[in-house]
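Participant: Working from the sequences, and respecting the hints, build out all of it.
Protein chains in written order, with the numbering used here: chain S, 106 to 227; chain C, 884 to 1236.
Among these hints, one or two may not hold up.
[What the hints assert, rightly or not] If you only want the chain S side, here are some residues facing chain C, beta carbon under 10 Å, derived: (1) G160; (2) E178; (3) W188; (4) R215.
I should point out that these hints are in silico values taken from the structure, not numbers from a laboratory.
Glycine included, every Cβ here is placed at the ideal spot set by N, Cα and C.
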Amino acid sequence: MNKTVAIGFLLAVSAMASDLTGKWSGTFRVDGGDHNVPQLFILKQEGNTLTGSGGPNAGEQYPIENGKIEGDEARFELTTGEWKFAYDLKHTSPDALIGQLKLQRVNDSRNAKVSLTRSKGQ
Amino acid sequence: MRRLILKIHLWLALVAGVFMVVLGVTGCIIAFEPELDRLLHPHLSHVKQDSRIISLVEIGEAASTKYGGEPVVAYLPSSSPDFPTQVILSRGVVSVDQYTGEVLGIRTRGQTLLGFMRALHVQLATGDMGRNILRWSNLAILISLASGLYLWWPRKRVRIRGPRWSRLFWFDLHNSFGILSLLPLLMLAATGVVIGFEDGIASLLDKMSGRQPVQSPQISTRMEPALSAREITPDQAVAIARTHLPGTVAYRVQMPRYGGLYVVALTYSDHRISAGANSISIDPTDGKIIAANLSTSLTPRERFMATNEAIHTGNILGMPTRIIAALASVLLPLQVSSGLWIWIRRTTIFRHS
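Facilitator: Here it is, written out as C-alpha cells:
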C-alpha cells in the first residue's frame, strides 16, 4: 500500500515538474549574430497544448501561436511583426528548455540557438 | 618600401580576393533591393492612385477577411501614392490597394534569392564563421585601397593604353578604375569595417561619450487577446502620434494585441539619417502617449551608427549616392580580377623568360 502511494506521489511530482506552465527567461543568439537577445515567456500548459505569451521582456509580450507539446519537446510560434519566430525546444530538465529557433520574414530566414530556464518562485 | 607595399597589395588580393568579389557583387545587388523586390512582384507592388484613401481599419478588415479572419499584427502604410499598403498577418504580408480595398495578394515569409544575396553580403550565408571572414575582408579592402593609392601615386595613370587585352591594357585598367573608384570604395570599406566590428566600436563610443547604452522603457503588460470596443482605432493612434510629431508620416503601426501597446513608427520624408528612429507608444484604451523614442534624442553612438549605415547603403543623399555605391561595388570584382590577371601574366612571362 505504502509502495503504491509512494509511486503515485513520485509520478505526480514528475508530472508537475514536466509541466511547462510558468515564467521562463533566457536568451537566443542568431547564427552570425554578435549579441544575445533576451527572452521572457509566460507559458500555460493544458494537456498537450501550450498557450501564453513571449517577448524580449515583461512589457513587450506577443501571443503564442500553434503551441504543442510532444513528449519532452515543445513547439510554438510568435509573430512580432515582419518576423515570425518558430521555436523547437527540448525539455532537458524540469527547469531548462534548450533548442532551436527559426526566424523568418519576407525574403529572409535565419537560425538561432535558444536557452531558457524557469524563473524561480513561479 | 615600394616592393613591400606591392607584396602586401598582392597577398591581400590572393587571400581575401574571393571574399572581396562576393562583397562587391552582392553589395551592388542589395543596393537596389527594394526596387528589385518590386520588380519581381509587380502585381503586389503597384496601385492606381485615386483621390480617396480608405481607413487602416477597412484595409485591415479586407486583408483579415480574405485570409481566414486572422488578426492584424501590424500595418505598413504606403510610402508612395503608387505603392499599396501592407498588412502583416501571422501567415504573411498582405498587399492591399488603399484606394479600393482590393486585396492584391500575400507574400509568405522565408528565404529568397534576394535574401540570400543579403545573407552572403553580411555573413557569407554561413553564420559566425562567414561574418568573421567578411569583417576581416573589409579590413583587407581598406588596406588594399591605401596600398593601391601608394603604388599609383608616382605615375598617376588615368588612361588606358596598349592593345586590348594586353598586359599593359589590364595594368592601365587596374590603375584607372582603381583611382576613379577609390573614394567611394574607401567610404564603403570603412563603413563596412564599422558595421563588422560594431559591438566593439559601439562600446568604445559609449565610453568616450560617457554614456551608458539606453535600456528600453518598461511598460506595463497588457495581455488581453482581443481589441475591446472602447479601444482607439489604428487610424486614431496614427493621428495622435502625428500630432505629437508634426511633419512626419507613419510608416508602421504595430497593433496592441502584439506587444501590449500601439507603436507608431514615423519618419520625416526629408531626413535620410536616422529618419526611421521615431516611434510613439500609445495606450490603446485611452490614447495616452506612454513613450516616445525620437531621432533627436539619439545618443552619440546611435547617431554615429545611423550615419555610418546611411553612408554604407548609399542612402545618405538618396538615389545619386545609392548609384555611386552600386557602381563602386561593381568595380571591386573588376579590380580584384584585373589585379590577379596582371600578376598571373607577369608570373608566366617571368617563368618563360
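Participant: Please go over all the hints and tell whether each is borne out by the structure.
Facilitator: Quick rundown of the hints versus the structure:
1. Taking 10 Å as the C-beta cut-off, the interface hint given for G160 of chain S holds, the closest approach to chain C being about 7 Å.
2. Taking 10 Å as the C-beta cut-off, the interface hint given for E178 of chain S is violated, the closest approach to chain C being about 22 Å.
3. Satisfaction of the interface hint for W188 of chain S is found here, the shortest Cβ-Cβ separation to chain C being roughly 8 Å, below the 10 Å cut-off.
4. Contact between R215 of chain S and chain C, as hinted, is supported at the beta carbon level, the nearest pair being about 8 Å apart and thus within 10 Å.
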